[in-house]
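Number of protein chains: 6
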Amino acid sequence: MATVRLWTDEEVERDPAVKAVFDEIRASRGTKFVNNFWRALANDPPTLRRTWDSLKQVMGGPGALDPLTRELIYIAVSAANGCTYCIHSHTAAAKQKGMTDAQHMHLLAIIGMAAETNNLVNTLQVPVDPEFLVGG
Amino acid sequence: MATVRLWTDEEVERDPAVKAVFDEIRASRGTKFVNNFWRALANDPPTLRRTWDSLKQVMGGPGALDPLTRELIYIAVSAANGCTYCIHSHTAAAKQKGMTDAQHMHLLAIIGMAAETNNLVNTLQVPVDPEFLVGG
Amino acid sequence: MATVRLWTDEEVERDPAVKAVFDEIRASRGTKFVNNFWRALANDPPTLRRTWDSLKQVMGGPGALDPLTRELIYIAVSAANGCTYCIHSHTAAAKQKGMTDAQHMHLLAIIGMAAETNNLVNTLQVPVDPEFLVGG
Amino acid sequence: MATVRLWTDEEVERDPAVKAVFDEIRASRGTKFVNNFWRALANDPPTLRRTWDSLKQVMGGPGALDPLTRELIYIAVSAANGCTYCIHSHTAAAKQKGMTDAQHMHLLAIIGMAAETNNLVNTLQVPVDPEFLVGG
Amino acid sequence: MATVRLWTDEEVERDPAVKAVFDEIRASRGTKFVNNFWRALANDPPTLRRTWDSLKQVMGGPGALDPLTRELIYIAVSAANGCTYCIHSHTAAAKQKGMTDAQHMHLLAIIGMAAETNNLVNTLQVPVDPEFLVGG
Amino acid sequence: MATVRLWTDEEVERDPAVKAVFDEIRASRGTKFVNNFWRALANDPPTLRRTWDSLKQVMGGPGALDPLTRELIYIAVSAANGCTYCIHSHTAAAKQKGMTDAQHMHLLAIIGMAAETNNLVNTLQVPVDPEFLVGG
Numbered sequence: 001m002a003t004v005r006l007w008t009d010e011e012v013e014r015d016p017a018v019k020a021v022f023d024e025i026r027a028s029r030g031t032k033f034v035n036n037f038w039r040a041l042a043n044d045p046p047t048l049r050r051t052w053d054s055l056k057q058v059m060g061g062p063g064a065l066d067p068l069t070r071e072l073i074y075i076a077v078s079a080a081n082g083c084t085y086c087i088h089s090h091t092a093a094a095k096q097k098g099m100t101d102a103q104h105m106h107l108l109a110i111i112g113m114a115a116e117t118n119n120l121v122n123t124l125q126v127p128v129d130p131e132f133l134v135g136g
Numbered sequence: 001m002a003t004v005r006l007w008t009d010e011e012v013e014r015d016p017a018v019k020a021v022f023d024e025i026r027a028s029r030g031t032k033f034v035n036n037f038w039r040a041l042a043n044d045p046p047t048l049r050r051t052w053d054s055l056k057q058v059m060g061g062p063g064a065l066d067p068l069t070r071e072l073i074y075i076a077v078s079a080a081n082g083c084t085y086c087i088h089s090h091t092a093a094a095k096q097k098g099m100t101d102a103q104h105m106h107l108l109a110i111i112g113m114a115a116e117t118n119n120l121v122n123t124l125q126v127p128v129d130p131e132f133l134v135g136g
Numbered sequence: 001m002a003t004v005r006l007w008t009d010e011e012v013e014r015d016p017a018v019k020a021v022f023d024e025i026r027a028s029r030g031t032k033f034v035n036n037f038w039r040a041l042a043n044d045p046p047t048l049r050r051t052w053d054s055l056k057q058v059m060g061g062p063g064a065l066d067p068l069t070r071e072l073i074y075i076a077v078s079a080a081n082g083c084t085y086c087i088h089s090h091t092a093a094a095k096q097k098g099m100t101d102a103q104h105m106h107l108l109a110i111i112g113m114a115a116e117t118n119n120l121v122n123t124l125q126v127p128v129d130p131e132f133l134v135g136g
Numbered sequence: 001m002a003t004v005r006l007w008t009d010e011e012v013e014r015d016p017a018v019k020a021v022f023d024e025i026r027a028s029r030g031t032k033f034v035n036n037f038w039r040a041l042a043n044d045p046p047t048l049r050r051t052w053d054s055l056k057q058v059m060g061g062p063g064a065l066d067p068l069t070r071e072l073i074y075i076a077v078s079a080a081n082g083c084t085y086c087i088h089s090h091t092a093a094a095k096q097k098g099m100t101d102a103q104h105m106h107l108l109a110i111i112g113m114a115a116e117t118n119n120l121v122n123t124l125q126v127p128v129d130p131e132f133l134v135g136g
Numbered sequence: 001m002a003t004v005r006l007w008t009d010e011e012v013e014r015d016p017a018v019k020a021v022f023d024e025i026r027a028s029r030g031t032k033f034v035n036n037f038w039r040a041l042a043n044d045p046p047t048l049r050r051t052w053d054s055l056k057q058v059m060g061g062p063g064a065l066d067p068l069t070r071e072l073i074y075i076a077v078s079a080a081n082g083c084t085y086c087i088h089s090h091t092a093a094a095k096q097k098g099m100t101d102a103q104h105m106h107l108l109a110i111i112g113m114a115a116e117t118n119n120l121v122n123t124l125q126v127p128v129d130p131e132f133l134v135g136g
Numbered sequence: 001m002a003t004v005r006l007w008t009d010e011e012v013e014r015d016p017a018v019k020a021v022f023d024e025i026r027a028s029r030g031t032k033f034v035n036n037f038w039r040a041l042a043n044d045p046p047t048l049r050r051t052w053d054s055l056k057q058v059m060g061g062p063g064a065l066d067p068l069t070r071e072l073i074y075i076a077v078s079a080a081n082g083c084t085y086c087i088h089s090h091t092a093a094a095k096q097k098g099m100t101d102a103q104h105m106h107l108l109a110i111i112g113m114a115a116e117t118n119n120l121v122n123t124l125q126v127p128v129d130p131e132f133l134v135g136g
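Chains as they are written, first to last, in our numbering: chain L, 1 to 136; chain H, 1 to 136; chain U, 1 to 136; chain C, 1 to 136; chain F, 1 to 136; chain W, 1 to 136.
In case anyone wonders, no lab produced these hints; they're calculated from the structure.
Watch out, some of these pointers could steer you wrong.
Copies of one chain are not kept apart here, so a pair can be met inside one copy or by any two copies together.
With a straight-line Cα cutoff of 20 Å, these simulated SDA-like cross-link-like pairs (lysine to any residue) come out [stated by the list, open to error]:
hint, residue 1, residue 2
1, Lys19, Leu133
2, Lys95, Leu55
3, Lys97, Val34
4, Lys19, Ala93
5, Lys95, Leu133
6, Lys56, Ala2
7, Lys97, Asp66
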């Protein structure tokens with residue numbers, strides 16, 4: 001259960017700043033469904049606006065990485081941070097952008113393997129090889 | 001400075017189990033350079049063997065994700081775990097597999113954005129929308 | 001569901017060391033309600049005693065930071081560590097100490113922003129500016 | 001050593017989009033010194049612009065929390081995430097905003113205590129008390 | 001609810017590669033019960049096989065640490081990573097290998113204490129004493 | 001470089017509260033060497049006292065786990081939290097309490113394996129089996 005109130009559609013309608021963002025989310029995604037994350041952020045319209053604008057730029061705008069790769073990276077960070085909600089919402093987004101079951105399971109294997117070697121390296125305190133340094 | 005000894009090439013030569021893995025690493029990468037991670041793991045030959053075999057399967061074998069995407073995911077997990085060595089070594093690997101500066105910076109923007117929303121969601125304790133559940 | 005038994009009031013009554021801490025918690029907070037954290041720690045009376053004494057000193061005793069600021073910091077750490085229970089209990093405590101909805105949402109924005117830049121910095125491996133070092 | 005190039009003042013001068021942000025940072029802080037974080041982000045002007053605008057809004061704009069409290073929260077998150085650079089830069093910022101040595105050490109005690117109970121709770125898997133739920 | 005399908009015993013029977021691993025798990029543990037982790041990994045037979053083989057080697061094979069100590073370390077890492085499932089499954093495994101309630105609560109105290117000092121040290125950025133370095 | 005001053009022996013001599021703790025540390029360890037962690041905490045005598053008392057109780061006092069096992073758990077948490085200083089200081093402590101090289105490397109393998117499965121489970125969002133619940 002959330003630590004703040006999740007705004008209903010009726011409440012959203014009554015706040016023009018919130019409604020403007022919700023309208024953009026709906027238009028951009030082509031569905032009336034707006035997920036709980038945005039209903040929680042609605043409690044703080046400037047953060048709602050800033051977060052949506054950032055997300056649009058980073059995840060939806062033009063960029064060097066394709067849309068599906070962006071979602072895979074998002075899931076990987078969310079798993080490392082143990083964010084249940086984020087894993088669920090971005091797994092759904094990745095599927096919508098074409099993630100196959102095989103890609104999902106390969107993603108998983110990489111996430112697990114990276115976490116394993118991260119912890120091996122941290123416990124060993126392996127010094128960075130000079131060959132890996134930029135301009136080194 | 002490492003918490004264990006980093007094996008020199010001379011030491012590696014004297015231990016057949018370690019030498020076998022080092023030979024495979026060199027053959028697979030087409031270079032005599034073997035980075036410090038493996039020189040640290042050499043202190044435990046079964047872990048050295050198991051880790052190399054796993055890494056070969058997950059990062060180098062056939063799979064649903066292309067080699068560069070695999071490295072981007074690896075960097076993302078390493079950044080979330082704050083593993084300095086892993087960030088350096090896999091950034092180098094990603095560049096070798098063709099990561100452009102623009103892709104590198106886009107990766108960064110996604111990692112930052114994901115971490116921001118992970119923490120927003122965690123503090124808000126947003127409940128998972130039923131629409132995101134598998135078979136829900 | 002907990003990995004240990006949560007002590008009921010009846011069980012607490014029968015163990016003088018546990019009862020003494022529960023009595024202090026109730027007196028200090030002015031309510032008979034004792035939350036589940038303490039009922040779990042009751043399985044180890046020395047840890048229960050030590051944890052309560054520490055918490056009293058750090059969160060309740062005299063100090064350079066005011067009570068509400070202390071709770072905001074507590075929530076920030078708990079969110080970064082993904083501790084659901086801690087986020088809920090310290091959000092409740094912060095509200096009781098006067099946290100407004102606007103402060104709650106501002107806290108959230110800072111937590112998210114800090115996590116974003118933490119991960120940007122970690123991936124970029126930005127070197128610390130000499131200007132930031134103490135006595136540098 | 002960074003995984004990207006840190007832009008010098010000369011390079012900044014030659015890129016109008018980067019220069020515009022650096023000018024704002026200098027004006028806002030009343031010093032010519034611009035720290036390495038921004039010199040790293042300069043490699044990606046849109047991320048540089050977006051991050052500075054967000055930081056200005058969250059850390060510098062009007063808000064429900066005072067400037068020093070904002071920095072204390074920032075340090076707490078950075079410590080939990082183990083971000084060395086962020087701890088150094090925001091400790092410097094907090095001192096500039098008036099953090100006393102006593103407040104610094106009290107901050108530290110709270111961060112440590114929160115991390116301890118976070119891990120106690122996680123290992124115990126303490127269920128959230130219904131009393132802590134919003135609208136529960 | 002999982003982000004992938006959990007395989008039923010009927011499905012497992014129909015896939016020889018999956019069935020082979022499930023048979024080994026059952027034989028090794030002396031029970032027909034196979035927990036959900038393996039039913040999720042069944043979606044990717046090579047990862048299922050690799051993970052089981054690794055786990056057998058590290059947790060079940062000959063080694064310098066006794067079986068119970070291995071489980072205590074596993075729980076400690078899982079608590080630090082906030083992995084609810086892992087805490088539950090390895091707490092159950094530790095009990096089966098003889099963990100007493102007193103050992104469980106002592107484990108907890110150490111995990112909490114380590115997390116506290118980790119965060120104190122990270123915020124203080126304490127430099128490593130030369131005395132602690134290997135070959136220093 | 002630390003974010004606070006590290007107290008020299010001369011400064012310690014002049015503050016009776018700090019000196020008392022340093023004397024106890026020296027007596028308890030049978031050496032004049034006091035590591036940097038305590039020299040940093042000296043800036044806040046009540047936190048210095050509380051932390052030393054807690055550490056003595058948890059790591060040095062009577063308890064259900066033997067001294068070496070306690071250190072192994074401490075290292076595991078420190079690795080998961082990426083605390084460089086803590087890994088170095090507790091690896092040194094573990095060696096002093098008899099940790100062999102083989103035990104060190106086995107510890108490492110478990111830490112890595114636990115981190116891998118933690119992240120596999122988190123990405124898969126595997127539901128806890130009812131069999132694992134206490135009193136379930």
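Verification of the supplied hints:
Proximity of Lys19 and Leu133 under a CA criterion of 20 Å is satisfied in neither setting, with 48 Å inside one chain copy and 26 Å between copies. In this assembly of identical chains, Lys95 and Leu55 lie within 20 Å of each other by CA distance solely inside one copy; the values are 18 Å within and 26 Å between copies. Taking CA atoms no more than 20 Å apart as the test, Lys97 paired with Val34 passes inside one copy only; the shortest distance there is 17 Å, against 33 Å between copies. For the identical chains of this complex, Lys19 and Ala93 are neighbours neither inside a copy (23 Å) nor across copies (32 Å), given an alpha-carbon limit of 20 Å.
Taking CA atoms no more than 20 Å apart as the test, Lys95 paired with Leu133 passes between copies only; the shortest distance there is 12 Å, against 36 Å inside one copy. For the homomeric pair Lys56 and Ala2, neither the shortest alpha-carbon distance inside one copy (24 Å) nor that between copies (28 Å) is at most 20 Å. For the identical chains of this complex, Lys97 and Asp66 are neighbours both inside a copy (10 Å) and across copies (17 Å), given an alpha-carbon limit of 20 Å.
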